[in-house]
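Student: Residue-level listing of the chains:
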Amino acid sequence: MVKEVMTSNKAVAEAVRLAKPQVIPVYPITPQTTISEYLAQYVADEKIDAKYVKVESEHSAISAAVGASGAGVRVFTATSSQGLMLMHEILYAAAGMRVPIVLADANRAISAPLNIWNDQQDSIAQRDAGWLQIYVENAQEALDTTLMAYKVSENPDILLPSMVCLDGFILTHTVEPVEIPDQESVDKFLPPYVPEHAFLDPNEPMSIGNFADPNYYTEARHDMDVAMTKSMEVIQKTCDEFAEIFGRKYGLVEPYKTEDADIIFVAMGSLCSTLRVMVDQLREKGEKVGLLKIRAYRPFPTEAINEAVKNCEKIAVIDKNFSFGIGGALYADMKVKIDKEIYGFIAGLGGRDITPEAILEAYEKTKAPENDVTWIGLKEE
Amino acid sequence: MDIPDKDLLAPGHRGCAGCGASIAVKLALNALGKNTVAISATGCLEVMTTPYPETSWEVPFIHVAFENSGAVASGVESALRIQGKDDVNVVAFGGDGGTVDIGLQSLSGAMERGHNMLYICYDNEAYMNTGIQRSGATPYGASTTTSPKGTASFGEDKPKKNMPMIMAAHGIPYVATASIAYPEDYVKKVKKAAETKGPAYIHLQQPCTTGWGFPSEKTIEMGRLAVETGSWILYEIDHGNFEITFRPEERRPVKDYLSTQKRFKHLDEEHIEKIQKYVDAECKELGL
Amino acid sequence: MVSIGCVIKTPGNSRNNKTGSWRTFKPILDKEKCIDCDNCIIFCPDSSVNKQHDIDYDYCKGCGICANECPSDAIEMVKE
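Protein chains in written order, with this note's numbering: chain A, 39 to 419; chain B, -12 to 275; chain C, 4 to 83.
FYI, nobody ran anything at the bench for these hints, they're computed from the structure.
Predicted model, so just to flag it, every value in this text is computed and none were measured.
There could be a bad hint or two in this list.
[What the hints assert, rightly or not] Per label pair, the in silico range of CB-to-CB distance:
hint: 1; chain 1: C; residue 1: K29; chain 2: B; residue 2: G158; range: 33 to 39 Å
hint: 2; chain 1: C; residue 1: K54; chain 2: A; residue 2: E222; range: 57 to 63 Å
hint: 3; chain 1: A; residue 1: P230; chain 2: B; residue 2: E272; range: 50 to 56 Å
hint: 4; chain 1: A; residue 1: E257; chain 2: C; residue 2: D57; range: 38 to 44 Å
hint: 5; chain 1: B; residue 1: E182; chain 2: C; residue 2: S24; range: 39 to 45 Å
hint: 6; chain 1: C; residue 1: T27; chain 2: A; residue 2: E257; range: 53 to 59 Å
hint: 7; chain 1: C; residue 1: D57; chain 2: B; residue 2: N22; range: 46 to 52 Å
hint: 8; chain 1: B; residue 1: E171; chain 2: C; residue 2: D57; range: 55 to 61 Å
hint: 9; chain 1: B; residue 1: E99; chain 2: A; residue 2: E214; range: 37 to 43 Å
C-beta: ideal position from N, C-alpha, C; glycine also.
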């Protein structure tokens, strides 16, 4: 094992190198671009034995990924923002065809107005596609989660694709020290992909991506729901196995000082690092506050969340996305599934910094609520 | 022509009686043989051959969506080659809509990247699966449900997009036109394309009984009329060498072709004359 | 119960679907007139003519292409 200083994009590329996918169709887009560059270089330098398909769009990137995964090999692709929106249609097809692709999404705002900076609207807009979505907080978690994503997605009980979501620029372009696992340990953790449900081999012809009428469509979609639900258990098991080999522990959620907290912040991604510092600062002032980081957004870990928030009075959900007339997506899901007093806050859209002051504002507004949903850090003229 | 013991496109498919698309695919698969993986765009072909839990495909088959069969084939081809399966034929089928319109970008990318694959456009000159709407491949004067004849309209008012030449402009090693009415010529081209290293494109005219409005027994006759009138020209461009592969002994007037189809029935002499001039110019340009 | 991703692992099983029921006209071949050109085999959209030129009425939809393309008029379309 070596330790190097790198961006989350590099960490993802390192994970991909270790996971040994055989086909990598990628199209560059800010702030995912360096992933596409690192992987091209790895292939050029024979560090990965893969076909790097220089596609002409993200739509073709995901389409080629489905074709290659359908043919029976391990596949990786990555994108961001508009690119993920362009993939939208085929994301659903990928999940429905049950191809275990792993995709890294460098979370970025959606146009218009055009904006290249971070929020999470892009992946949230794909939440019902049937993909597992894991949001990561730092470069190490980006690397580790990418490796674990393959193991979960390729599990015969799951066979749904995974999206590793990492905050654009905040993670993709910021360097941190990262432990890079050795190949031998990764091979032990992640054996080669051997598809049984679908592959393309003239010796064993099968038809993939078929037409299903009302007699079958509902069951096909329901099967996906069953697999998605089951994935909670598989994610946890995979995290445990990963911890045993590599020593780093992960789960569906990550509670921080929630046990005796009156108010718990709930958020996803890099924002959790800031929130953890704020929790400590507020605790020093005698405030009983905690943080629940959601790693798995799909599947939605209701039970794990309930366990973490059972003792609190109120919950403050901070979303870097927005559903018109509703509030943030995570807030809305929490309201549906968690029986607590919950307030939603919209922040960090299009790369606006979520400052300690903004978090304090959310905290105060949870203590003395005025609205269910509040946009924080809004400029008044 | 070699007749196989068993066709690689099984019967029982839901194609219309007299369906030209199934003839197109049957002949191509039989020519390519079992060591083939097929990709299809959404369209008549996909819908009629894979209603779960039944498939007509005797070779491995994958469909993903309408506009991406070029890219899906790219992924399939890459996966096969990285596994050392260099001898497996990769063939993608798309209708004219899935090829010249919505799938153009995906196909262009696949051709430009040099994947060792064959793409066959089965061109029935409109969106037949959705009920005969015009596509970029619909010929001048054809009445479709979205280019209908009317008091202020004579049908489609633009000539057909010249897709084979667009493909040829990609500099790929093999481009050909073909017709289901000339199976020996078509099969020869499919085999040649399969032997070609790199991307190959065949643009196959496929008369459609339902969309063109002719009796189901006339599917082949209609394809023959198209070629005999010069409305569809059979040629190949093999590594840059252009050659006409079939020359009608005497070119018949286009009226013989137009008057037998419902989609052209409304055309007056003036429009027929215009189409004749257009066909004459095209034939002259290609040396027919 | 459907297979994972609705994958079909029984190639060519559309043969279960006997499309012969669609037919309103039936092709009848007079083998004496047949000159073995194979047009009826090559052009059949439903693979319903075998190498011996026997017509498989399980799948024949009665389109009439075989009769139309027969150079020796050996096939007649007869109303069912």
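Student: Each hint: holds or not?
Tutor: Hints, verified against the model:
Under the hint 33 to 39 Å, the C-beta atoms of K29 (chain C) and G158 (chain B), about 51 Å apart, miss the expected range. Hint check: K54 (chain C) to E222 (chain A), Cβ distance near 58 Å, so the stated range 57 to 63 Å holds. Judged by the Cβ atoms, the range 50 to 56 Å given for P230 (chain A) and E272 (chain B) holds: they are separated by roughly 54 Å. About 40 Å separates the C-beta atoms of E257 (chain A) and D57 (chain C), a value consistent with the hinted range of 38 to 44 Å.
Restraint check, E182 (chain B) to S24 (chain C): a C-beta distance of roughly 41 Å satisfies the suggested window 39 to 45 Å. The hint said 53 to 59 Å for the Cβ distance between T27 (chain C) and E257 (chain A), and at roughly 36 Å that hint is violated. Look at D57 (chain C) against N22 (chain B): about 29 Å separates their beta carbons, and that is not inside 46 to 52 Å. Between E171 (chain B) and D57 (chain C) the CB atoms are about 24 Å apart, so this pair departs from the stated range of 55 to 61 Å.
The hinted range of 37 to 43 Å is satisfied by E99 (chain B) and E214 (chain A), whose Cβ atoms lie roughly 39 Å apart.
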